[in-house]
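Residue numbers (my numbering), protein chains in the order written: chain R, 977 to 1093; chain A, 7 to 116.
Derived from the structure by calculation, the hints contain no laboratory data.
Source: prediction; values computed, not measured.
Treat the hints with caution; some may be incorrect.
[To be verified] Derived DSSO-like pairs: lysine-lysine, alpha-carbon spacing no greater than 27 Å straight-line:
#1 A:K52 with A:K103
#2 A:K38 with A:K52
#3 R:K1041 with A:K112
#4 A:K52 with A:K112
#5 R:K1019 with A:K112
#6 A:K52 with R:K1019
#7 R:K1041 with A:K38
#8 A:K38 with R:K1019
#9 A:K103 with R:K1019
#10 R:K1019 with R:K1041
[To be verified] Covered stretches of chain R, as calculated for chain A (at least 3 residues, CB under 8 Å):
#11 1017-1030
#12 1035-1046
#13 1066-1079
Beta carbons are placed, not taken as given, at the ideal position from N, Cα and C, and that holds for glycine.
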Amino acid sequence: EVQLVESGGGLVQPGGSLRLSCVASGFTFRSYWMNWVRQAPGKGLEWVANINQDGTQIAYVDSVKGRFTTSRDNPQNSLYLQMNSLRAEDTGVYYCVRDLSGGASYWGQGSLVTVSS
Amino acid sequence: QSVLTQPPSASGTPGQRVTISCSGSSSNIGSKTVNWYQQLPGAAPKLLIFTNAQRPSGVPDRFSGSKSGTSASLAISGLQSEDEADYYCAAWDDSLKSYVFGSGTKVTVL
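Same shape as in the complex, but just chain A (with noise of 0.2 Å):
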């Protein structure tokens, strides 16, 4: 049982707007930075948003990240083919003392 929770599964047609969200709690979500890795298959994963909403360069512009509260959202808008892979909130979690993943979410490219 992750201590963040994702939807297991999105999709969305070439060129669509698929939201992911992550719920936690005021211990890690609430009152820490949120990552977002992305890992395509057969890969390891990959940095994709760091500290709620920044790209790291190489990003493109069309994934975007948020947080609210005990929340964070990842948005692909623009959807390519090349973007099915699983995608992966995280945080630290001072309740814990360990950095926590979500369950991560796998993307379809319908």
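The following block holds chain R by itself, in its conformation from the complex (with noise of 0.2 Å):
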């Protein structure tokens, strides 16, 4: 059974960091493009980064660039976002997920972030 796990995350005052880990299991994680994408409380998806199978292709929305870092560990089957430079706008629920644009689109349950003082 394919399973996507996320942790890390929780309140974080505004200009601080979080990063948050998507654990893979059921399938061969190295074989797949990565995703994580957001959901801000009562509003629509957002697209957030991906990355592709070796971790040698990475691509981040703008509003994000510069403050987020995605990275993969295969050997672990695991995923990452190391979020730093908070914002308010920030605050949502985190999705980790496999193959976003493909006919093998798989989402975890995603990880709550919420930036407030």
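Please dock the two separately framed chains into a single complex, following the hints provided.
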């Protein structure tokens, strides 16, 4: 069974940092592009970042460039999102997603990040 | 302001057909494939349609997708109560170098 389990969310003050993790199981993690997608409370979906199979191609939405960094550890079947200089508008549920634009797309249950003083 | 435009809401009675539109541009829908995602209340999104019109295994055939030019559509035929959810279209945008989502359409079964 495919599983994506996110962790690391929580409450952080503006300007602070958090590191999200996503552990994959039930499929060959190293074979897929991986993505982060977020959803602000009561709002729609926003793509945040993606990373290719070996970590050599990475892209970010403009609003997080220079502040967020995604990476992966294939032997550990893990995806990471390091979030620095957090702002109130970064608040939301962050989803780890396999193959977002393809036919094998699968979403984790999400991790809530709240940026507030 | 979403790059892909969807109506905020759609509704129908059980058994009816509901169609959701998704309007984009030449840099996204016009040149890239479209996916549709279903988000049930309180749940994570799930892939409903990929590559414009393909259904993943397990998705009922009453869900269908189509694309023409810079627009795409999702149709739900034989509407059921469990179809009450938010529906999002999405595609890669070559100009923005980003994956973009529609604003979402809330489907209500009357």
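Comparing the hints with the structure gives:
1. Proximity of K52 (chain A) to K103 (chain A) is assessed by CA-CA distance (about 23 Å); at most 27 Å being required, the pair is judged to hold.
2. For the hint pairing K38 (chain A) with K52 (chain A), the CA-to-CA distance comes to about 20 Å; that is within 27 Å, so the pair holds.
3. Taken as a hint, the K1041 (chain R) and K112 (chain A) pair is broken in the structure, with Cα atoms around 31 Å apart against an allowance of 27 Å.
4. Restraint check for K52 (chain A) and K112 (chain A): the C-alpha separation of about 15 Å stays at or below 27 Å, so the hint holds.
5. The suggested pairing of K1019 (chain R) with K112 (chain A) holds, with an alpha-carbon distance near 12 Å, which does not exceed 27 Å.
6. For the hint linking K52 (chain A) to K1019 (chain R), the alpha-carbon distance of about 17 Å falls within 27 Å, and the restraint holds.
7. This hinted pair checks out: K1041 (chain R) and K38 (chain A) have alpha carbons roughly 24 Å apart, not beyond 27 Å.
8. The straight-line distance between the Cα atoms of K38 (chain A) and K1019 (chain R) is roughly 25 Å, inside the 27 Å bound, and the hint therefore holds.
9. For the suggested pair K103 (chain A) and K1019 (chain R), the alpha carbons sit about 22 Å apart, so the restraint of at most 27 Å is met.
10. Among the hinted pairs, K1019 (chain R) with K1041 (chain R) is consistent with the structure: their alpha-carbon atoms are about 21 Å apart, no more than 27 Å.
11. Coverage of the stretch 1017-1030 of chain R by chain A holds. Counting CB-CB distances below 8 Å, 5 residues qualify, and the rule asks for three or more.
12. Here's how the stretch 1035-1046 of chain R fares: 3 of its residues keep a CB closer than 8 Å to some CB of chain A, so the rule of at least three is met and the hint holds.
13. Proximity of the stretch 1066-1079 of chain R to chain A, defined as three or more residues with a beta carbon under 8 Å from a beta carbon of that chain, is established by the 5 residues found.
Going down the numbered hints, you'll see the structure goes against just number 3.
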